[in-house]
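S.K.: One letter stands for each residue in the lines below.
Protein chains: 4
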Amino acid sequence: MTQKAIKIGIVGGTGYTGVELLRLLAQHPASELKVITSRKEAGMAVAEMFPNLRGRVALKFTEPSAGALAACDLVFFATPNGVAMGEARALFEAGVRVIDIAADFRIKDVALWEQWYGMKHACPDLVAQAIYGLPEVNRARIKDARIVANPGCYPTAVQLGFLPLVEAGIVDLDHLIADAKSGVSGAGRKAEVQTLLAEASDNFKAYGVPGHRHLPEITQGLAQLAGKPVRVVFTPHLTPMIRGIHATLYARLTTEADLQALYEKRYAKEPFVDVMPAGSHPDTRSVRGANTCRIAVHRPQGGDIVVVLSVIDNLVKGAAGQAVQNMNIMFGLPETTGLEQVALLP
Amino acid sequence: MTQKAIKIGIVGGTGYTGVELLRLLAQHPASELKVITSRKEAGMAVAEMFPNLRGRVALKFTEPSAGALAACDLVFFATPNGVAMGEARALFEAGVRVIDIAADFRIKDVALWEQWYGMKHACPDLVAQAIYGLPEVNRARIKDARIVANPGCYPTAVQLGFLPLVEAGIVDLDHLIADAKSGVSGAGRKAEVQTLLAEASDNFKAYGVPGHRHLPEITQGLAQLAGKPVRVVFTPHLTPMIRGIHATLYARLTTEADLQALYEKRYAKEPFVDVMPAGSHPDTRSVRGANTCRIAVHRPQGGDIVVVLSVIDNLVKGAAGQAVQNMNIMFGLPETTGLEQVALLP
Amino acid sequence: MTQKAIKIGIVGGTGYTGVELLRLLAQHPASELKVITSRKEAGMAVAEMFPNLRGRVALKFTEPSAGALAACDLVFFATPNGVAMGEARALFEAGVRVIDIAADFRIKDVALWEQWYGMKHACPDLVAQAIYGLPEVNRARIKDARIVANPGCYPTAVQLGFLPLVEAGIVDLDHLIADAKSGVSGAGRKAEVQTLLAEASDNFKAYGVPGHRHLPEITQGLAQLAGKPVRVVFTPHLTPMIRGIHATLYARLTTEADLQALYEKRYAKEPFVDVMPAGSHPDTRSVRGANTCRIAVHRPQGGDIVVVLSVIDNLVKGAAGQAVQNMNIMFGLPETTGLEQVALLP
Amino acid sequence: MTQKAIKIGIVGGTGYTGVELLRLLAQHPASELKVITSRKEAGMAVAEMFPNLRGRVALKFTEPSAGALAACDLVFFATPNGVAMGEARALFEAGVRVIDIAADFRIKDVALWEQWYGMKHACPDLVAQAIYGLPEVNRARIKDARIVANPGCYPTAVQLGFLPLVEAGIVDLDHLIADAKSGVSGAGRKAEVQTLLAEASDNFKAYGVPGHRHLPEITQGLAQLAGKPVRVVFTPHLTPMIRGIHATLYARLTTEADLQALYEKRYAKEPFVDVMPAGSHPDTRSVRGANTCRIAVHRPQGGDIVVVLSVIDNLVKGAAGQAVQNMNIMFGLPETTGLEQVALLP
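Residue numbers (the numbering used here), protein chains in the order written: chain A, 15 to 360; chain B, 15 to 360; chain C, 15 to 360; chain D, 15 to 360.
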């Protein structure tokens with residue numbers, strides 16, 4: 015390979031998004047991880063925290079250092095919400111490109127963001143410059159982006175599932191329903207009682223039904239596709255598995271259409287969206303570890319309600335994989351570079 | 015105890031509904047298990063197949079025998095669909111009361127039943143006599159029933175969840191949506207690849223989206239409550255846990271109402287339906303092993319779509335527990351007799 | 015029932031041992047829960063924290079109060095290690111009997127206890143008075159005990175498994191091996207990363223191989239049975255399930271014996287120890303929710319190594335169930351009172 | 015790459031070993047899958063059965079055909095035991111090299127094989143020619159092998175764990191103990207009740223304690239390393255996870271040694287055996303999807319019993335991955351070619 019390797023920095027990286035990003039970058043042929051920072055774990059070898067990386071990642075976590083990051087071509091933020099907005103300006107001004115895998119740059123309406131995330135935004139001007147990193151919608155603008163807001167996991171599955179219907183303008187936009195189920199890794203690598211195995215295993219529950227932070231992100235994305243406001247009822251659920259999101263989407267048809275053809279045509283050239291044959295039911299495990307969104311479209315009993323089934327791995331297409339996809343686009347690499355892992359089944 | 019014990023026979027009983035029925039009857043103070051038949055397992059001790067019953071159930075499975083069953087007061091069919099209809103007439107004529115935990119007597123429209131179940135019905139006249147065993151709706155008629163059609167697991171969770179809305183006539187009955195998630199025991203104790211742990215664990219998927227046998231049962235029940243036809247989109251999913259159903263129900267409000275009060279009032283006297291405080295999210299594990307349906311009602315973002323969360327243990331309130339509840343009603347016992355197990359959490 | 019109900023207090027009770035104790039007491043016919051204290055959760059309804067207890071436990075957690083506890087007949091400590099020893103003396107002096115489900119009174123050698131538990135013992139004199147609550151060994155002494163040290167989960171499974179061999183004096187006591195596997199609830203209801211579902215599910219690992227706190231408890235118990243020192247290699251493992259311990263025990267035979275007969279005879283009158291037929295393999299699920307220890311004994315290939323398989327539910331026979339069994343003995347009730355739940359299978 | 019791609023045939027391939035082999039070959043840069051046969055599934059697209067392979071494997075299963083297989087350089091048997099022995103001779107005579115991932119060629123003592131596998135061996139002369147494909151022991155002989163007997167999953171984990179001790183001659187060879195725990199995929203993709211999620215989840219049990227087919231394979235391998243007979247007690251257990259084997263090994267030291275140094279030195283040059291730092295406890299998930307065996311060695315309490323912890327992914331280093339490793343050796347490729355996947359964690 016003749017191209018020079020992309021010099022990469024990671025801020026954070028001690029959570030699930032971080033270890034997944036490390037897994038993907040360790041197998042990426044055109045990038046080189048230069049630095050990974052963690053205030054809390056500085057000095058610890060990455061492979062000590064994540065033994066799957068023994069022999070594959072030699073770095074240690076280091077204290078955050080503006081200098082080391084400023085020498086990179088690209089910095090990923092794999093941090094809690096609110097961190098990237100505080101550190102992005104210095105990198106931005108140093109000419110370093112940024113992909114924030116958290117939520118700081120996703121919502122264009124800063125007041126709305128502040129309401130849902132419960133904090134003051136540190137750099138509203140950079141929000142305006144950030145590009146929402148859903149390649150299937152924004153590929154051209156991602157190419158030259160200096161800051162990419164990597165989409166949330168639920169928003170990725172829900173938007174890709176509704177997209178063809180909304181773009182085609184054939185459904186009732188005031189009553190979209192997204193019934194979504196997530197594996198527990200979506201809650202992050204945080205010490206909490208409710209996601210203990212003894213709590214979350216052999217159990218199923220909804221949460222956040224009155225309101226979830228991913229709702230405004232979904233609504234913003236679909237409204238942009240529709241060119242007008244939309245209303246979505248979004249019901250997230252916790253399902254006892256590690257990885258995977260299954261979004262079951264409901265929309266009422268207002269105009270007749272060949273739905274299977276619509277979906278197949280819209281995604282024909284997308285390397286990471288797989289429209290399954292009519293009548294299919296995608297498994298989340300069919301994308302475990304892979305950067306794929308698998309979709310099936312149904313119209314039960316020939317009625318006027320469309321049911322779309324959309325699955326992703328929340329840590330890959332829903333986080334670290336999509337981030338690498340965005341990196342590939344930003345640096346002119348083939349979009350699938352380093353992202354051809356086959357899903358692990360069983 | 016002064017009442018004479020109810021003499022019980024079980025036909026089948028080698029599946030999950032069977033073992034659960036045996037667990038409950040072993041702790042029931044007013045019944046006595048006289049005979050359990052299984053052509054395939056005749057001669058095997060029940061406790062050899064189900065070691066949790068060691069020391070608690072001394073019977074062996076026996077060859078089906080009309081005589082032994084005819085000497086019982088009540089016979090449960092814990093058999094595959096299509097068995098009870100072939101054997102019920104003889105018992106009926108012998109004056110033995112019957113509870114069929116399978117589907118043979120659930121659908122009043124025999125032609126519709128035959129279409130969904132793919133077989134000719136053996137005794138349409140007895141279907142007409144059978145009472146649908148959902149006590150919260152049919153308690154008075156169950157009391158004197160000679161044949162009770164015990165409801166399906168999904169239909170129990172879905173009907174109890176929609177019931178107050180449909181009875182009150184305040185939602186759009188043409189666009190009800192039931193997004194339901196079941197543990198794998200719902201598929202039965204059958205050797206099948208798709209429900210192996212290595213297939214179904216760490217995985218989530220929808221199935222039967224084009225049509226599932228529980229749909230006509232749900233539709234029949236809700237239409238009866240509404241007094242007119244209803245249309246339901248029913249999407250079942252398989253979730254990687256053993257027991258539990260979580261039904262997430264969506265309906266569009268056509269008339270304003272205090273939903274929390276409506277639910278609390280409707281179920282105030284029901285011993286096995288628990289309406290949770292506003293804002294709650296019931297866990298399936300909170301009913302694991304218990305004959306309870308727990309319900310929470312939401313109205314996200316103050317919009318016109320009601321979201322109802324309804325959970326049961328598919329093997330208890332969704333099968334064997336509800337069957338024992340029906341038995342208690344039929345034989346004049348307090349309805350909660352033998353059904354006061356506290357759910358196992360964690 | 016003519017006997018007056020035992021007045022019960024619980025200190026702690028917000029962990030898994032606590033909720034399990036509450037589940038059992040809610041179904042116990044001769045006890046009455048008077049008070050449950052938790053400094054941290056004072057004011058919260060018990061059933062709000064544990065929704066399986068809705069409608070079954072009406073109490074709220076209260077601030078610890080010597081007076082309320084001193085009015086009880088029996089106080090259970092369902093607390094972290096180190097709490098009971100600080101509060102037991104006042105109760106002891108008030109004539110209240112105590113069952114400590116934690117470890118404060120288990121080890122007679124106080125210096126050894128201090129070494130393994132990393133704290134100074136607050137009341138060595140009460141340790142001397144405490145009775146180790148393994149009924150199959152100490153039933154007679156438990157009857158009049160004022161303080162019962164309820165055994166640990168691993169020590170229960172391991173001691174009951176080795177007991178007949180050690181009592182009979184027919185194995186090499188210097189090389190006993192206990193390879194034990196526990197469900198994750200054994201780690202308690204504590205916010206920790208390593209027991210998150212996303213960490214502990216679909217994973218298996220050993221832990222504490224260099225040394226685990228249950229080792230001195232096991233060694234003390236077996237040495238007492240043997241009448242001389244023993245050496246045990248104890249290897250605990252974490253297995254991805256909620257409840258259950260499976261101890262696989264290895265001992266080298268030094269004297270020939272009919273092992274099956276030895277075990278059956280030793281446990282013939284024990285209501286909660288079930289010796290399975292020769293050739294059996296007990297499932298942990300066969301005791302899920304039940305106060306039973308199931309044991310099978312093997313001698314592979316006719317060699318000189320005995321393999322004993324011993325399973326319990328760590329929260330029942332390994333904690334709360336055994337505590338209720340001890341309570342029954344202490345208060346002259348039939349030992350099985352309130353402990354006849356059938357294990358939940360599947 | 016200048017080398018001509020290895021032309022590959024697969025017989026069978028509808029099981030878990032098959033799909034894993036397909037996953038690895040789809041990412042292998044120097045092989046080309048020419049044909050995959052399955053009598054039962056002939057005509058079905060591979061990617062229809064295994065949707066993780068959509069877009070990655072275009073082949074359909076075909077009827078077995080001697081001609082198509084004979085045109086390959088290498089044929090893998092991913093079949094039930096007893097199939098390869100019936101078809102290997104024709105391939106052998108046609109000059110096609112064979113790797114049998116099943117057990118037909120593993121045991122040199124054909125009478126012993128027939129006793130454990132319950133069938134007559136079809137080609138004892140080829141057994142004599144087959145090389146046991148454990149590269150860490152037999153690398154040089156595998157290079158020129160015409161038939162490779164790929165090791166079983168348990169035997170791989172157990173032999174690699176005991177190997178340094180046995181080669182060094184420092185443990186009691188008459189009392190080796192292997193307490194092994196396997197995920198459920200080890201039972202294969204077969205419709206069976208006992209491996210249903212509803213049976214095997216939230217459960218732990220031993221099986222085959224009186225005798226398991228992998229015992230003679232383990233014994234043969236260790237005896238060869240020792241140069242004299244060995245006796246092993248082998249206790250397999252089923253643990254509720256999909257992939258992974260954790261072998262906990264016990265041996266009594268007869269000669270003092272620096273165990274950590276012994277293991278590190280023995281495996282220093284092995285690309286797929288990772289000796290962890292002293293005091294470690296390897297997780298099975300740290301090798302999920304990877305061709306690695308991770309080992310830690312302990313000596314609890316400074317006693318004379320060594321405890322070795324050895325983990326593999328049963329479908330990779332325990333089956334398909336080791337088969338590809340053997341292929342690489344046989345065809346002169348770097349041994350790690352196509353096997354550098356990082357384990358999926360979480």
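Misleading hints may appear alongside valid ones.
Because identical chains share one entry, a pair is satisfied inside a single copy or across any pair of copies.
[What the hints assert, rightly or not] Capping the alpha-carbon separation at 27 Å, the derived lysine-lysine pairs in DSSO-like fashion look like this:
hint, residue 1, residue 2
1, Lys54, Lys204
2, Lys54, Lys122
3, Lys283, Lys74
4, Lys283, Lys204
5, Lys48, Lys204
6, Lys48, Lys18
7, Lys242, Lys48
Bear in mind the hints are in silico, worked out from the structure with no lab data behind them.
S.K.: Against each hint, give a clear statement of whether it holds in the structure.
M.R.: How the hints compare with the structure:
1. Lys54 <-> Lys204: both (14 Å within a copy, 21 Å between copies)
2. Lys54 <-> Lys122: The answer is neither: 31 Å in one copy and 41 Å across copies each exceed 27 Å.
3. Lys283 <-> Lys74: between (40 Å within a copy, 24 Å between copies)
4. Lys283 <-> Lys204: neither (38 Å within a copy, 37 Å between copies)
5. Lys48 <-> Lys204: within (26 Å within a copy, 36 Å between copies)
6. Lys48 <-> Lys18: This pair counts as within: shortest intra-copy Cα distance 14 Å, inter-copy 36 Å.
7. Lys242 <-> Lys48: Neither. Shortest intra-copy (44 Å) and inter-copy (52 Å) distances fail the 27 Å Cα cut-off.
Hints 2, 4, 7 from the earlier list are contradicted by this structure; the remaining hints agree with it.
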